[in-house]
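Asker: Chains A and B supply the protein sequences, listed in that same order. Residues in the first sequence are numbered consecutively from 1, following full-length UniProt numbering. Residues in the second sequence are numbered consecutively from 1, following full-length UniProt numbering.
Careful: at least some of the hints might be erroneous.
Stated by the list, open to error - Covered stretches of chain A, as calculated for chain B (at least 3 residues, CB under 8 Å):
1) 344-352
2) 364-372
3) 390-396
4) 414-420
Keep in mind the hints are simulated off the structure, nothing from the lab. Each residue gets a CB set at the ideal place from its N, CA and C atoms; glycine is no exception.
Each chain, letter by letter, is given below.
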Amino acid sequence: MSTVATERAAPQESERAPAVVLTGITKRFPGVVANRDVALTVRQGEVHALCGENGAGKSTLMKILYGMQQPDEGTIEVEGQEIRFRSPTDAIKAGIGMVHQHFMLADNLTVLENVVLGAEKLHGIGGKARRTLVELGRTTGMRVDPDALVERLGVADRQRVEILKVLYRGARIIILDEPTAVLVPQEVDELFDTVRGMRDQGFTFLFISHKLDEVRTIADSVTVIRRGTTVGTADPKAISSRQLAEMMVGSELPSPETRESTVTDRPVLSVEELTLLAEDGSGRPVLDAVDLVVRSGEVLGIAGVEGNGQTELVEAIMGMRASSAGRIVLTSADGTRTDLTKLGTLARREAGIGYVPEDRTRHGLLLSEPLWLNRVLGYQTRPPVSKGQWLDIEGARADTKRIVEEFDVRTPSIDVPAAALSGGNQQKLVVGRELSGDPVLLIASHPTRGVDVGAQALIWDQIRNARASGLAVLLISADLDELIGLSDTIKVMLRGRLVSDADPATVTPEELGSAMTGAGDDPDTAPPAEPAEPKPSTVDSAGQAAETTAPARAEDEAEGGDQA
Amino acid sequence: MNLLRGKLMPPLLAIVFSALLCSVALVISGSNPGTALSAMVSQVGHGTTAVDIVNSASVYYLAGLAVAIGFKMNLFNIGVEGQFRVAAVTAAVVGGALRLPPVLDAIVILLVAVLTGALYAAIPAVLKVTRGVNEVISTIMLNAIAMGIVAYMIRPDVFGVLHGNNISTAEIPTAGQVPGISFGSGGTVFGLVILAAAIGVGYWVMMNRSRFGFELRASGESPTAATAGGVNAKKMVLTAMLLSGGIAGLVAMPELLGRDHSYGIISPAGYGFTGIAVALLGRNHPGGVAFGALLWAFLDKSALALDNVGVPKEIVTIMQGTIVLSVVVAYEIVRRVELAAEQRRVGRELGNTGGTPPQPAVASAGGES
Chain A
1 MSTVATERAA PQESERAPAV VLTGITKRFP GVVANRDVAL TVRQGEVHAL
51 CGENGAGKST LMKILYGMQQ PDEGTIEVEG QEIRFRSPTD AIKAGIGMVH
101 QHFMLADNLT VLENVVLGAE KLHGIGGKAR RTLVELGRTT GMRVDPDALV
151 ERLGVADRQR VEILKVLYRG ARIIILDEPT AVLVPQEVDE LFDTVRGMRD
201 QGFTFLFISH KLDEVRTIAD SVTVIRRGTT VGTADPKAIS SRQLAEMMVG
251 SELPSPETRE STVTDRPVLS VEELTLLAED GSGRPVLDAV DLVVRSGEVL
301 GIAGVEGNGQ TELVEAIMGM RASSAGRIVL TSADGTRTDL TKLGTLARRE
351 AGIGYVPEDR TRHGLLLSEP LWLNRVLGYQ TRPPVSKGQW LDIEGARADT
401 KRIVEEFDVR TPSIDVPAAA LSGGNQQKLV VGRELSGDPV LLIASHPTRG
451 VDVGAQALIW DQIRNARASG LAVLLISADL DELIGLSDTI KVMLRGRLVS
501 DADPATVTPE ELGSAMTGAG DDPDTAPPAE PAEPKPSTVD SAGQAAETTA
551 PARAEDEAEG GDQA
Chain B
1 MNLLRGKLMP PLLAIVFSAL LCSVALVISG SNPGTALSAM VSQVGHGTTA
51 VDIVNSASVY YLAGLAVAIG FKMNLFNIGV EGQFRVAAVT AAVVGGALRL
101 PPVLDAIVIL LVAVLTGALY AAIPAVLKVT RGVNEVISTI MLNAIAMGIV
151 AYMIRPDVFG VLHGNNISTA EIPTAGQVPG ISFGSGGTVF GLVILAAAIG
201 VGYWVMMNRS RFGFELRASG ESPTAATAGG VNAKKMVLTA MLLSGGIAGL
251 VAMPELLGRD HSYGIISPAG YGFTGIAVAL LGRNHPGGVA FGALLWAFLD
301 KSALALDNVG VPKEIVTIMQ GTIVLSVVVA YEIVRRVELA AEQRRVGREL
351 GNTGGTPPQP AVASAGGES
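Between the sequences and the hints, there should be enough to build the whole structure, so can you do that?
Answerer: Quick look at the structure:
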């Protein structure tokens, strides 16, 4: 089937302008550049996947393409014409439609009413609208009863209504934002059938996902976005999941290697049978009897595709989520064992845990407060920043100055609000703060995400130094090089369980990548230069993997989405 | 100069803007804005107006601080109105029945007011913490219930006493009253004005110097960061609401113990809502709230002079409304401008270290444009 698609696409490509061309798109937010010099070409009538880790800049890019945000630089061409979108209305006029991950439907209206809502001018609200909708359903194969109440529909049907909604408004280019996150495997298959059918009728799809197996199943070409910029476009049929994963996490960065081992046999953090049930009441565990031990002087790295329970693990250890079962014990430097299981976040921090959260702006900083006041956050009960019930402002200021110097935080003074610093400098401040107060354990979630190379090297150095003086570190990272380079031990997390161990001295990012997707035991790596038609055995194993991993991960995704 | 631009510009801009709007309204209705303004300003020197302004301002100030504590952590306590009225009537009833030595009597009455206000605020706080009920909804409903409670408490067959056509609680004896500071024919300033000022100072110390104040601000600024920093969100909601209610309980006390000595059906209401405006105007800063309270009181009391020069005094209501609206808008504009300026400044001062902070999140700096 894939060959058919390519044959059909080829002649079109030569005679018609590409559906969408993005050139040099740059979008800055205060303190961070979400997209930098993004180039993307989507041909007419293809399914083009956009792949990247969470936070890589996919959503911002799609918001720009859909007119929800304006780029600071760069141009957008739709079917050969340069267009400037001021609002989604402009994008809809240009034939671009977006199906959001979270449905935007009115439950108490019927399918027809939902589709027509806001587009009454097109075909009225009466018989003509109904005929148009039924006709659309017939040609695309998405049959939904126009008079059914949306609240009675299942998730897959709702998604169809969303797609019909954008088609009704005349979209020829459809952005699907993580469309499979909410679907069960059979529904994913149905969706893909629909997408293929519509592609053959000439519709163009932009398919956003970070699930590599799905991308390989449905996409005609795939563009990988990493750290805000596009790193390349590939034919998913000619590239292995592992190569794709490698493109996503990258491997050109300076190596964070730690050499001589400082691991001792003194356990600092012991997690036993930690279980956490999903908050949706389904009883599904997002953490399933996790056991781990981090020793003094050891960096324990957790590898895993995002949404497999890493965030939950960290937040459960920090006491920000109540675990359903299990025990968490922290042993301080003098050998005191503290059972953290029943304690609150503050008590856990006081027991000696430093925490570098994965999202520093949400969990690490008070953005509009000055740097020195940010030094107090999480330490409000301890010297040098407080004395009993009172803040020690002089102490906090002095210690902030120390952090600014030791961690090379580039700032004119400690009185500027945290929001005025760049991402890298914010992160250096957070890491500096969390290494203050003599922690025995540092939990570092993506400690160098979204920071520049200089800050990255400094943060790595500081973590290494602290480790050498006996700190235990639990490191979660999507950057496999960072993980392999810094860790003394690596555990792979999949669907809420620690499924395997890896030795950072010998493991390669490729091997780790495949272990993370649950297809790790397959030794047969498809060579990169292999032509479009892969070996049957590879197809089988990949397909199987897709089927077995899809349901759990789909649910994880939904869970993750709710929290965000 | 930065302080001037960031802190003082917005309210000044807002006042100028709303004065302009009111002038337009006055001109349209055929009056002279200049006459109106000079009449208002010169009114301050007449009779007891200056003292009245200070007295009113002390009440507005307490209400403003009560609201501001909630605002500091993104709690919208609309219920200050209900809390102060329930507290006032309870304190008046207790005060009317108590026979304690002077000073002690007044202190007990004040404590009763604080506790009642806090208790009445505890209802929405507990509902929010345990059931997730939005405090805006619950406090509005509790305001309505408070009216009923006041009406019930002052019924002659409950605690009320009939004076002619008016019913109110029994008179608080001299021991429970708080003497004022007399200015002769200029009027008498409530003794509790000093208490209001002291609470303002306490509020500042708590917010800026105490651990609790820090946790409160952190929760308001970023609940997620506060949680990660070990702040117990539920505890903060509960304490902030109780504090807010406690201060709300004091709102009626300057008038009750300094002038009226009993609380009745015609006792003034609406202070809770004025408090919201005053807190917005003062940006939850104790100094700002004091300024807002004084401005509000000035507008209220000087408005009386407008009738003399043939200008409808309702123009003051228009002015109060536009001030609040424009202050909110002005603060937001100034906040954004300030942040951008700050980022540019940080960028400029670090300009020689390569890359323009906010640096790109992406590896290679300087690759833009």
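Asker: If a hint holds in the structure, say so; if it doesn't, say that too.
Answerer: Hints, one by one, checked against the model:
Counting residues of the segment 344-352 of chain A whose beta-carbon sits less than 8 Å from any beta-carbon of chain B gives 7, enough to reach three: the coverage restraint holds. Proximity of the segment 364-372 of chain A to chain B, defined as three or more residues with a beta carbon under 8 Å from a beta carbon of that chain, is established by the 6 residues found. Check on the segment 390-396 of chain A: 3 of its residues sit with their Cβ under 8 Å from a Cβ of chain B, so the three-residue criterion for coverage holds. Evaluation of the coverage hint for the segment 414-420 of chain A: fulfilled, as 4 residues show C-beta separations to chain B shorter than 8 Å, against a requirement of three.
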